Amino acid sequence: MLRFASIRLLRAIITILAVVTFAFVVLRMSGDPAQVMLGPDVPQESVDAFRKAWGLDQPLWIQYLAYIKSIFSGDFGVSMRDKASAMQLVIDRIPATLQLTIPALFLKVVIGIPAGVYAALHRQSAVDRGVILAAIFGFTIPSFVMGLLLVLIFSITLGLLPSGGQDTWQHGILPTLTMSIGGIGILARFSRSAMIEVMGQPYIRTASAKGMAWQDVVWRHALPNAAVPIVTIVGFMVGSLIAGAVVVESIFSWPGIGRLLVVSVTNRDLAVVQCILLIIAATMVVSNLIVDLLYGWLDPRLRAQNAH
Amino acid sequence: MISDNLVELRGLTVAFDGVKVLHGIDLTVRRGEAIGLVGESGCGKSVTWLAALGLLPGKATVAGSVRVDGQEILGGPRTVLEGVRGKRIAMIFQDPSSSLNPVLKIGRQITEALVLHRALTGEAAKTEALRLMDMVGIPDARRRFDLFPHEFSGGQCQRLMIAMALAGEPDLLVADEPTTALDATIQAQILDLLIELRAETGMATIFISHDLGAVSQVCERACVMYAGRIVEQGTIEALFDNPRHPYTRGLFDAIPRLDGPRDRLIPIPGTVPHPRDLPEGCAFSPRCSHAAVDCRSRRPDLSAMDDGRLLSCFHPVGNAVDLAPAAESRIVEAVS
Chain Y
19 MLRFASIRLL RAIITILAVV TFAFVVLRMS GDPAQVMLGP DVPQESVDAF RKAWGLDQPL
79 WIQYLAYIKS IFSGDFGVSM RDKASAMQLV IDRIPATLQL TIPALFLKVV IGIPAGVYAA
139 LHRQSAVDRG VILAAIFGFT IPSFVMGLLL VLIFSITLGL LPSGGQDTWQ HGILPTLTMS
199 IGGIGILARF SRSAMIEVMG QPYIRTASAK GMAWQDVVWR HALPNAAVPI VTIVGFMVGS
259 LIAGAVVVES IFSWPGIGRL LVVSVTNRDL AVVQCILLII AATMVVSNLI VDLLYGWLDP
319 RLRAQNAH
Chain W
93 MISDNLVELR GLTVAFDGVK VLHGIDLTVR RGEAIGLVGE SGCGKSVTWL AALGLLPGKA
153 TVAGSVRVDG QEILGGPRTV LEGVRGKRIA MIFQDPSSSL NPVLKIGRQI TEALVLHRAL
213 TGEAAKTEAL RLMDMVGIPD ARRRFDLFPH EFSGGQCQRL MIAMALAGEP DLLVADEPTT
273 ALDATIQAQI LDLLIELRAE TGMATIFISH DLGAVSQVCE RACVMYAGRI VEQGTIEALF
333 DNPRHPYTRG LFDAIPRLDG PRDRLIPIPG TVPHPRDLPE GCAFSPRCSH AAVDCRSRRP
393 DLSAMDDGRL LSCFHPVGNA VDLAPAAESR IVEAVS
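Protein sequences, first through last, are from chains Y and W.
Residue numbers for the first sequence follow my numbering, so the first one is 19 and each next one is one higher.
Residue numbers for the second sequence follow my numbering, so the first one is 93 and each next one is one higher.
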């Protein structure tokens, strides 16, 4: 178990390091912050002074080493735009994003999984066909289309809900819905196929042959087995709690991490973008780790593999 | 008075998506007796009992009658079947490792049956489960109560399946190819266990197998099935000493012998027909060396012979009281 944990930890560190490095290189190769920050018509001296002040005149590898060193000492850089701690800027935006993504995750789980399981248990029924159709509809429509569609219906046509901003709780409804619909579809489909597969297994027949009531067979024997693939998807969704709102926040002018990311990329605000990517990578890695631990808890066969 | 007949199948038919795979099975299981069901893969021997217990998937259409102690269980409410399963009729399956739930502790899987059928809970259920594990030959049961199925060997998994089946103290144990997935030495142990348990508990046994040797060890009676029908049924002695149906005879000819001269085995030519396109007349006729004209146009009924066996063949082989009609029609075929 200790070996398993240390391997996982090492892999997590390598993953985060790879993301950070990739972001560092790509950001610096894709545009000059000095040009973007200062505008097109500034004298060369100002540009040079800006570059010198932010260390951009150094060779790339020296910048990189300095950056890695500062990360390990807990310094995540300063925003070129706001001249404030980049990490603090990012952390300030996290609650707004979670206000959307946590309710959306909740909706995905409480609607998607039961719908998929119900469809699997009533295969070929009208409900099953309805669930499949709705699920395909849900996850094939991109969120920017879905968002605009919802705005068109609920804000413009019906006038029921605001189309942007963060002033009241009603402002959160449309972005949350937009974000959850695709996930509901994905979870419904995955739960359905996982459940169909499990219900065809010999041990389900054994449980029935034992004389168990049908609902007990489903609850005690089938669902715990179907949980493994479902947990994988939910784990991925948990990992996207911070990253998953980029498009939707932009559509609905929601002041979260996603919008900060878009703005910071446009401005080439290097430190902020790197902070956001670091946090996104870290949440992904942590949720993957949790999923792996859950696997072991859900399926004793995997526990045995991990121990060796 | 309780009838001697425990389970009666009458005209049991099964169709998958409209294709009939079982064409009317009549079988009576008396209290305490052991009956073998033999035949090639796909002949319907497993389907018969899965259908009787309502364990087939939803796309299967089951018709006919299944009575347990005279009470009809087919087509009734789900609770009737659930009351029979495990309690009156228990079933164990071919692949013991995948027949146990991989994510539940073995102790819990056994106690579940005790909670259901014997109203035992807590310590009492655990004590009884340990006794059952001990009874089926799981060494060190107390320590292994909390292990998962993958921590047991295939043979032990089958023993655990048997322990689970015994938990409801059933009147009939249906063993569906219980030794097929196991090593030869383990097969023998499981067969011995089944024989022993039957002697101890007095429960009836249905032993489904394609292994005639195993059937002869466990059972007094056997039904030979072909393409969804019983073609011959009789005592083990009658079938072994004097198989009358050419298919039964074919099964015996295909078994290697340890004693006697080293002859070539005689395989049955051809393969089992697909249920979708069964031949007209006797389903075995295309593979039968004794088939005559009438075999290809009419289907022989399963009828009682003088020696008490049931046989479905116009031109049986072996020692019959009267061979003349068979010979006659073979001559008819030869000249036509």
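Derived by calculation from the structure, the hints in this document are not laboratory data.
Model, not experiment: these values are computed from the prediction.
One should not assume that every hint holds.
Said to hold, decoys possible - Using 25 Å as the maximum straight-line C-alpha spacing, the simulated SDA-like pairs for lysine to any residue come out as follows:
id, chain 1, residue 1, chain 2, residue 2
1, W, Lys197, Y, Lys101
2, W, Lys197, Y, Gly218
3, Y, Lys101, Y, Ala114
4, W, Lys151, Y, Thr250
5, W, Lys151, Y, Ala114
6, W, Lys151, Y, Leu312
7, W, Lys197, Y, Leu312
8, W, Lys151, Y, Val60
9, W, Lys179, Y, Leu312
10, W, Lys179, Y, Val43
11, W, Lys179, Y, Val145
12, W, Lys151, Y, Lys101
Right, here's what the structure says about each hint:
no. : hint                  : verdict
1   : Lys197(W) x Lys101(Y) : 59 Å, violated
2   : Lys197(W) x Gly218(Y) : 21 Å, holds
3   : Lys101(Y) x Ala114(Y) : 22 Å, holds
4   : Lys151(W) x Thr250(Y) : 31 Å, violated
5   : Lys151(W) x Ala114(Y) : 50 Å, violated
6   : Lys151(W) x Leu312(Y) : 35 Å, violated
7   : Lys197(W) x Leu312(Y) : 17 Å, holds
8   : Lys151(W) x Val60(Y)  : 77 Å, violated
9   : Lys179(W) x Leu312(Y) : 36 Å, violated
10  : Lys179(W) x Val43(Y)  : 69 Å, violated
11  : Lys179(W) x Val145(Y) : 34 Å, violated
12  : Lys151(W) x Lys101(Y) : 68 Å, violated
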